[in-house]
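> Single-letter residue listing:
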Amino acid sequence: MQPVAIVGIDCRFPGAPDPAAYWDLLMRSGDGVGPVPEQRWNADDFYSAAGADGHSNTTSGGFITDADAFDHEFFAISPREAAAMDPQQRLLLQCAWRAVEDTGVAPRSLAGTATGVFVGVMGNEWAHLHLTDYARVTAQVGSGNGYCMTANRISYHLDLKGPSLAVDTACSSSLVAVHLACNALLAGECDTAIAAGVNVALTPALGIFYTQAGLSAPDGRCKPFSSDANGIGRGEGVGAVVLRRLEDAIADGQPVYAVIRGTAVNQDGRSNGLTAPNRWSQQEVLTAAYRRAGVEPSDVAFTEGHGTGTVLGDMIEVKALGGLHADRTGKPMALGSVKGNLGHTEGAAGVAGLIKVALSLHHRVVPTSRFAARENPALKLSRYGLRLLKAPLRLAAGATVGGLSSFGMGGTNAHAVLESAPAHAARPKAGAAAGSTGIGTAVFTLTAPTAQALRRNLVAQADALQRHRVVPAGAVGWSSNRLKTGHRFRFAVPADSTGDLVTALRRAAGDEDQPAGLTAESAGPVRPALLFTGQGSQYPGMAAGLYRDAPLFRRFLDRADEALLPHTGGSVRELLLSADPAVHRTGWAQPALFAVGYALAATLTELGVRPALLLGHSVGEYAAAVVAEALPLEEAARLIAARGRLMQELPEGGGMLAVRADATELAERVDAEPLVGIAAVNGPASTVLSGDLTALARIEEELTRAGVRSRRLEVSHAFHSPLMDPMLERFAAVAEQAGGTVPALPVHSTLRGRLLRDEPMDAAYWVEHVRAPVLFADAARQLLDEAPTHLLEIGPRPVLAPMTRRLLTAPDGAGVRSVHPVPGEQAGGRELAEAVAELFRGGVDIAWDAVYADQDRVAHRLAPYAFSDDHRFWARRPVSAAPPATAPQQEGVQTAGQRPEAARPVVLSQGRRTAADPVAEAVLDAVAQVGSYAPGAITPRSRLYEDLGFDSVMVMELKKRIEERLPDLEPLSVEELLPRLSSIGDLIGYVGERRSAAA
Amino acid sequence: MQSPPDRDPAQVYLASVGTALPGDPVDNATLAKVLKVNEEWIDHFIGTRTRHFARDLGTGTVRWSLADLCAQAGARALAASGVDPAEIGFVVLGTATPDNLMPATVNHIADQLGLDQVPTYQLQSGCAGAVQALGLGRTLIAGDGHRAGLVIGGDVCSKHLDLNRDLADAAPSDLVNYVLFGDGAGAAVLTAEPAAEAVALRRVLNRFTGLGREPGQVIDWFGLADRYEDRQAVREDYKAIEEFVPVMAVEILWEMLGDLDWSAEELDYLLPPQLSGRMTRRIHEELDVPGAIEVSCVADTGNNGNALPFLQLERLLGQMSSGQKALAVAVESSKWIKAGFALEKI
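Heads up: the protein sequence lines correspond to chains A and B, in order. The first sequence maps to residues 1 to 999 in the working numbering. The second sequence maps to residues 1001 to 1346 in the working numbering.
FYI, nobody ran anything at the bench for these hints, they're computed from the structure. From a predicted model like this one, the values you see are computed outputs, not experimental measurements. Note that CB positions come from ideal geometry on N, CA and C, so glycine has one too.
Quick list of simulated restraints, FRET-style, between CB atoms: (1) Arg291/A with Glu1193/B: 32 to 38 Å; (2) Gly1318/B with Thr329/A: 47 to 53 Å; (3) Thr1059/B with Ser436/A: 34 to 40 Å; (4) Gly1318/B with Gly524/A: 48 to 54 Å.
Input sequences plus hints: build the corresponding full structure.
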């Protein structure tokens, strides 16, 4: 058989709410057995030490905690439907989600794929309690019941389209489910399979049966292979593993816990009684599994036995194993069973054993088998080539093989052979060598459906990462980006080390304001505007920190440098890295700003930003033109280098004056001075004049007298003024060669003061651009009319984003975010990471692979989603020794016995309802009634399907309830109603229309 | 002097080195400002340019424990070695400044690295501890049959960096304790077969030579009963150190060359003892092996005790090529311990 990899695990067993706790319980030989919780049944009512008729000889067993908790909101299931679900379905759903997350794959990314679901289950106690109360059999109760629904519900909620089936072979159910899952993978029926098992005890029935059959241990504990073994103790549990063909797992870089080498299933046939175990059939299934795995018995280092701890069962199992291992050479095979810790988890027993074996191979140590120290001498283990795991067995380096048995009471036997994962199975494929990636700092992201869920999950991540502080932040960040996606609330924070990240997560989770600062609720589609900063923003060493930290930026700055080099006569890159003050000279300033602008824009594009709008302030338009594909990089480089050089060659003596006045107010004064022009109109009271110094001085003096503030700019030349005229001809000659076309993206031109429409950015444009004023305010205002969501400063310091914001009229301002990839002179990778985090929070789909260098893109297992345990649901009818109760029962959400404080009304939204309108009132009440939501929990903004989990059956009932409440209403038409159900508000509107039409 | 055991154990290899220095380097200007001491004095008499501290100089809060630094170094060494963590058969730590007396810090390191069910050892020692750890690691592989193991050295000296003390009138011998030391950790993966860097660990020397001699350096510890006694936590006899360490270093060099049957001319690299920038320069001159390239780090890292040999090793591995030989000399002046090791790249 081709090997199958176990790539994801999740579980909840007695005394162990998750896989880490399960492993801990096993390694310290812990005990998960305790008294029957009050919530299940009154154990005293059914107790008889002697095992009298209708009684059990024990009041103990292995019970899981929080069997009643279910995060129905997460799965958009109404409280009514959740309350009408077998808890086994609810537990499986959460468990399957977490197991998929454990593989490093976002569960939603499996939607629509042929992923299979195979669930082992034998308990159907919920049906005994609910489907016998005929008066209360509703549509929800129907789908809340049934084996098929355990698997089908996982397929439904995760939108998985591969085979989906539940398996009942009694106690071997979940290992048989694993067998079927492996076969389906190997047959190509699916590429990923979820194999699971579940068992929740809702009634004492099986305990009574075990007692009456003489199989029940009085202390409620299985004591496998022990001289104290005296029967079975019942246990609960839910476990899921995610399986892939090993080659696929390796190719996708998924970490592998262990490998399934071979599985086999057979039957006792007509043996010594229907429920009696059969030694020869067991030996046969072992042989078949070994054969399928291609191993000899002596290759098997240890076996997780079925080990129920009945004297006969243990004896037969040992003889069957002995039939294959008695003559093995070397060390006897180590034998144990997890049932000593948990009890017999029945439908979940196979998956409990599988997870134990997988974790043993993963951690390279097999835990002690509880109660093994007092070995049953009658088993004559050493004669059969066996020994009990009386102490943990440390596995030698290299490949190790372990076995796993699970036998059903009706005679269906299953065995699996597992092997340790091949060394470095998890090494991902080397990424396509498209060029350097990475920005020098990782970004950790997390999403959740509500703010509260976000906070809970921040804590869960901090707790888990606390123990993995040595893991590089890159692996943690990259894994979080891939895994923790898709929910409405987006959290992002840069992280230099995992230790620092833990601190940041705790601070964010603990502080009321912090998560808000690092979190945003995703809104509609994003429209980023790239604003390319112009001359004056340059400084020595600009962007050098980013060049040092971020290989991705380095790649593009190098490219720009290469394009400029033939025209600048020196390296712009070296100029920047050496922090040369010459960057202030026009000949250098212009190409240097161009290089930084181009490299920043290319970096952000590579990071996933899709520029929707472009604007460049004067010189900034050159890089904008490259991004807009109006000019190729090489031609833009040639042009900007010539522009800077020719301006540099002009005699000095010109100057520029920034005036706090409107351009129109200055027109008269400018007209009076032939050597002065308006260079830039930056805002309503922000104009720059440019020209001859003496002429400027005259204007300055007049303005001061008039009480208008003005300020000289430190420039070598009078840009955008008549003093530029002498260079125009020579520049035009260069520009003619450079070409230039119509931009492919919307460019809001600061030459035209508006959006360019089918106008080429060609020689004529660039020549005019030298001399004409910069109409920034007009261009930026028009850009704001296009409703950008982000203003990205593409330059070495914040200039244009704040200037643009000042042009915002108050109401639209709030939604626009300013992002500064290079916020200041010391900025480097950390600051770019902050910008990436901000973009992600604002809804940009970041291309995360570009954020990390090749060697950092390594999978790290993150803690899976932490579900809410605020809402609890349990069986409607209490189990008692008396005949079925007829007392009225409360429907819907029930309070858990052991945790009454946790129960609270289900509240979906804090939004206030509008109570004045009787139609709204009636609709809201009807929705609450049909969904069993708490009164006041529903608002007009709630969405019927997505938020409230309604289905077509519930819609029909809703129609009826609304009609009952509004007797003056004509019966509603289903055809008309269906399209009006997008939100409750929509529904209210529709009903209101109908009512006024009737009036 | 008793000669070392004749029988050379089976060959053991160094696969990789990883190091961890806490936070940003602290330069003399910053240190001088915080401690209110003269920057020029540090430059001239100590000769150490920068060091790293696990404690935040501004707030005094501890940002990294010794275990944190060692685990970080260990994780880096493991990643660089390509060795499957499951093959790591043991962990050895050499340190003079454990986080607690119990549990031994090495166990916290194993915990952070996710290593379980492995033998761990912690060697209480000054600068020789790292060499002792290499020696024990070598023995565990050669003698006990382990395929690979993790050997770590590290110290957090800033535990004694009392930021509240007024040093304006402190004597140079007192002051030196404040400016000499730093924090850090280093780790190496040793293997039975050549892997990754594939450098053979040819010899390890570890010898107590302090019979009847006063310690050159004492680091005290205090318990509930004696915590208020007026004793200095760190004491050094700098005169004795200046006098004897160079002499011992020269002896170690020649003894190891003799045992290895190597000539001084064959040596490509020399890793001298790392006391301070100034002392190391002096000792290196006295060792006088002009043909060998000096590999030192203390001027940049400060004296961070048992991290030093690993920091030197990291610099060495970056330049060592096949067939080249290197020899490291270390002296622990506490009770006058001679230490050293010899490497040859396969």
